[in-house]
Amino acid sequence: MKEFDHLYDALSKVDGFIYPNEIELSWSLGIVLYPYITGLVAGAFILASLNRVFNVKALKPTYVISLLTALAFMLVATMPLITHLGKPFRFYEIMITPHLTSAMAIFGFVYIWYLMVVLLLEIWYDYRADMVIWAKESKGLKKIMYKILTLGITDISPKALKLDKKLGYIVTVIGIPSAFLLHGYVGFIFGSVKANPWWSTVMMPVIFLFSAMVSGIALVMLVYMLLSYIRKVKLDMLAVDTIAKFLFYALIIDFVLEGLDQVHRIYEAEESFEIISLLVSGKLNITLLIMQVSLGMLVPMVTLAVLQFYKPKAKIRQIIYLTIGTLVLVGIFFMRWNVVIGGQLFSKSFYGFTSFKLGLIGMEGALMGIFWLIIPFVILGFLLWLFPPWKKSKELESIADSD
Amino acid sequence: MKTKKEEKKSRREFLKAAGIGIGGVFAATVLQPFTAVLYASKEPEGAGPWYGIAIDIEKCIGCGSCARACKNENDVPREPFYFRSWVEQYTIKNDGEIKVESPNGGIDGFTQSVPDEDIFKSFFVPKMCNHCSQAPCVQVCPVGATFETDDGIVLVDQNYCIGCRYCVQACPYGARYVHPEKNVVDKCTLCYHRLKKGLNPACMDACPTGARIFGDLRDKEGELFKFLKEHTCHVLKSHLNTGSKLFYNSLNQEVR
Ligand code: SF4
Ligand code: SF4
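First to last, the protein sequences are chains A and B.
Under the working numbering, the first sequence has 16 at position 16, and the numbering climbs by one with no breaks.
Under the working numbering, the second sequence has 46 at position 46, and the numbering climbs by one with no breaks.
Chain B on its own, in the form it takes in the complex (with noise of 0.2 Å):
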């Protein structure tokens, strides 16, 4: 039997514990720093590079090159069904109408179909996978055939998919599609085998006006991180949090 004075102060210390528990948890939670959306989310431990892309809306002329080079560089169907990387034309009419296209994903360029005089606003927006770091397509995948590599690349392991296309219903972005003769799931590799020689993504390459950079996120000297500084970037769809590493700059809210 413990004596009444024993009882209070064993009461007191599981009180004072407990207070500090409390107390950790929530100074945990507050004193947690936010991550700026710069990152759309944490950027993983590690050392190495983190790659993300950026592209400037305002330099896109939609000529189709990077398109061009990816199905070029990366054995793509040529069929127009199958994209690894494509542009779409964003036309905001006078009465505020909105006509997007991308006939062939835009490779053989565009013409617009919409008269000058109705025109408010005309752009293109060349699109691919975002790299997400909260990647859905990663979350789904039953067997672990796509997965995100220490570089922040998100990859799928062909000898290893089963072609549920569990993944191709959960990117928000379609940027993926079912090989017709793998019939395993294909997208953006953000070129990794021409990254592993130490060379360019194609489209980077091919691009002639220098809307799309690429490079390491953690390398604060580099041009990708001065991009993003010196511009107000933002991600597709950002309310769906997939972690997007691909920031536009001069984004319009109408395109999604």
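Chain A with its partners taken away, still in its complex shape (with noise of 0.2 Å):
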């Protein structure tokens, strides 16, 4: 049969004995894509308040972009989740059933409340005044649209600009909280499993936002470099040189937050130890050790350091920055893959392993993966081209920032 073909096809793989139930992992990429593009939001996120709250100003020429990419890829974060469930269709349940226990069921909250409230709000009292004179010089669709997305509020006295900034300020001092909420509540998901001896640790919520900030700064970076690129400017290399140092940081952070995390496991050596170093030595050599710990990880993190006693030419800086964004980005991948496909493959009885192939098509197979990965660019593309960061009025600006 058919149907059946993968899992007789994995049960002749088992290594050792799992439980029978255990032979097909019940989680698959859609759930390595949900706290992977999360936690870009939550980065994404984090990098744009340095600038406005903490006003680290060299970020300023990001701080637009950082806010229209997390919103993008907010819009699409839920996606692998509502796809990789046996009823789709029943999803609206989380909403209405709330489940105080169940650190799944707070996720509609969160989402609603850091999507509706935190960045839409953000993004509105930044661009507000920029669309009353966008609506006025702009013809047809794009008109009608920026009318309507001021909602009729089309005061734009210096007092209203400088009250919109204040609100805005309001907003991402929430948003803040939020955003490490919005992340750290995802590896509760994986943290509060008691029976998962790889997820269950305290450190599972605070790894995960470390690792969020890393992955959103990166792709920021990225984002920022090929923009400027696409659209012929110069890039701004005070600022690109700036992200790089948060991400350096970030970096640090969660290299020795999730060393500690190992180290405490292999000085605890409790009954899982040794499945788990099985699992690491073993079916997560490549993804673990390869993937995240030293492409993603060691190599962008020394070269980092490097680069803050000595800066070559800034064309090789780029090249540099290039390459390691996306090594960080693909190492953060395979963390959410270390721990959402390698926390299943051992069984819970802890004598042995089962097997895990990627399929390509299907809900959850490859190129359903890739594709929620470049649909968060098309959204993003869509929101530059309706939202011009470089259009944005200096002059609004300069009488909001007035005294």
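Just so you know, the hints here were simulated from the structure itself, not pulled from any lab data.
Model, not experiment: these values are computed from the prediction.
The C-beta atom is built at its ideal place from N, Cα and C for all residues, glycine as well.
There may be inaccurate statements among the hints.
[What the hints assert, rightly or not] Partial list, derived from the structure: chain B residues whose beta carbon lies under 8 Å from chain A: (1) F81; (2) W86; (3) P136; (4) Y177.
[What the hints assert, rightly or not] What the simulated footprint calls covered on chain B by chain A, stretch by stretch (three residues with Cβ under 8 Å from a Cβ of chain A suffice, anywhere in the stretch; the number is not a length): (5) 97 to 111; (6) 137 to 145; (7) 165 to 174.
Mind docking these for me? Both chains are given alone in their own frames, and the hints should help you get the complex.
This is how it looks when you write it as structure tokens:
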């Protein structure tokens, strides 16, 4: 029977003893992508806040880009989660039947809060005055869209501008803990599964958070560089260097946290230790030791460390940043992979392993996965077309900034 | 303004009240009776039956009748990846190596592949949902589709289950699977449909050696209670504190 072929195949590859119900992995690529994409959102947002709340001036050129990137990915974040459900059309049940003890049930609320309240409001305050002007200047569909999006609030007096700025600031301040919450809770989904020793650690939410920052910062760096390249404008090297510096810090913290977690496991050497070390040295050696730790973490970290002391020419730095950014994004993807897939490869009896082969087609196949990773860029393209940060009025901004 | 005397008095009263409060908390903590491990967790309030299961490993001969009966009774898919109830064979060799097997969940019985002279010990362990009273699966279900009945049975409402499989991850015993046609989670219901008619679960009736005992933990005269009294029983993975109500007699430490 065709339907079960892949399972018979997996059955023939079982290594040691697993419970009979454990042949098939319950969570596949969709659940790898969900924390990955959510992490990109949280990371990009935190980078944006660095500029606004902590007043890192050098990051100014990337502020709005980070926000729009966060929004583009946020709109897609839930899709892999919904499509992996056995009953995708019942997904709304999560929202209408809150179950207070389930980490996953909080998802709907955190998501709505973050998307609707924080991200949309912040972007709206940032663009409202510009949209009022654009509504006057543009024609056709764009004009209508701007008109609708201003929600009819067309006051662009200095007082109104200042108010926008102030409210936007407040939203950002609220947004920072929200971003932490958003991703910390995603880590908690895994960290609270006590049946699984690979997941069950209090470090999980924190590790998820810092790896989210790492990936989000790398993403914004790449998006910013590519945008300048496409628009053929000169890259603000100070901004990129500053982002790279934050990436460096975030990488160090992430590395230390993940390292501590592993050292802790090794030192405690609980009953699950044997199976986990087999997992790490066997089934996960390529995705964990090579992709995640070596290429995704150590290489970028060492390179960035060198760049703090020795700065080659801008052109060379650009190439280095491009490479590192890509490596980090791939590395964090594999971090999610190793958590989600790795955590299901060994049996909860700790006596054996099942196997996993990523299919090409289907809702959780590789093609679908690539699709969910491309769509945010399409959305981002649309957002940049509708809200071009480079067309924002400098004049309005200086009025809002003036005292 | 309070006078000195009044102030002193009110302070004394405060201390007295605080003392009573703290003492009360202390007394409540210390004097609370410990619940015997028998119940792995505290018996909830209520009347009516509160079901549990016991398995006598010494009596199990690994015939697989229970696993077969379960698949027949509950329309569990025939493929060897879906089980509400299954049997594992443990073989501990003389050199200490542990071999565990459960070909097709033990439905077709077992053949011993280790030569007799190498075997230190060999036995069978039937497994199924533990109907935990602090069930991790109930805890994590985002829509409350997995729930515990008043009589202590953990069920899945398949009309609500969204198929997120969080419960499958959370169950430490591998007791749950996703039904390939229904796309929702399925697991042992202790044959709830039979219980309600006054019948035994199918696996209990099918066991030829009487290795499986099931009954009401509140019934101090009942068979299950007597069995637990007369034998030293353990639950699986007790350190996880799931409040398991599946008790095993002569459970070896190697069994996980
Ligand atoms: S054994 Fe697993 S499925 Fe059954 S109640 Fe316990 S946690 Fe839930
Ligand atoms: S798969 Fe169904 S029963 Fe299990 S946690 Fe999800 S919704 Fe609940």
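Fill in: chain A covers the stretch 97 to 111 of chain B, three or more CB atoms within 8 Å, holds or violated
holds (count 7)
Fill in: Interface restraint verdict for P136 of chain B against chain A (beta-carbon cut-off 8 Å)
6 Å, holds
Discussion item. Just to make sure I understand the rule, a stretch counts as covered if three or more of its residues have a C-beta closer than 8 Å to a C-beta of the chain. Does the stretch 137 to 145 of chain B meet that for chain A?
Written reply: The restraint on the stretch 137 to 145 of chain B holds, since 7 of its residues have a Cβ under 8 Å from chain A and three suffice.
Item to complete: Against chain A, run the beta carbon of W86 of chain B and see if the smallest gap drops under 8 Å.
Response: This hint holds: W86 of chain B lies near chain A, its Cβ roughly 5 Å from the closest one there, short of 8 Å.
Fill in: Proposed interface contact between Y177 of chain B and chain A, which counts if any beta carbon pair is under 8 Å
Holds, about 4 Å.
Item to complete: Quick one: see if chain A covers the stretch 165 to 174 of chain B, three-plus residues with Cβ-Cβ under 8 Å.
Response: Coverage by chain A holds for the stretch 165 to 174 of chain B (9 residues, Cβ < 8 Å).
Practice prompt. Please verify that hint: F81 of chain B, Cβ, nearest Cβ of chain A, below 8 Å or not.
Written response: 5 Å, holds
The structure fails none of the hints (numbered hints given earlier).
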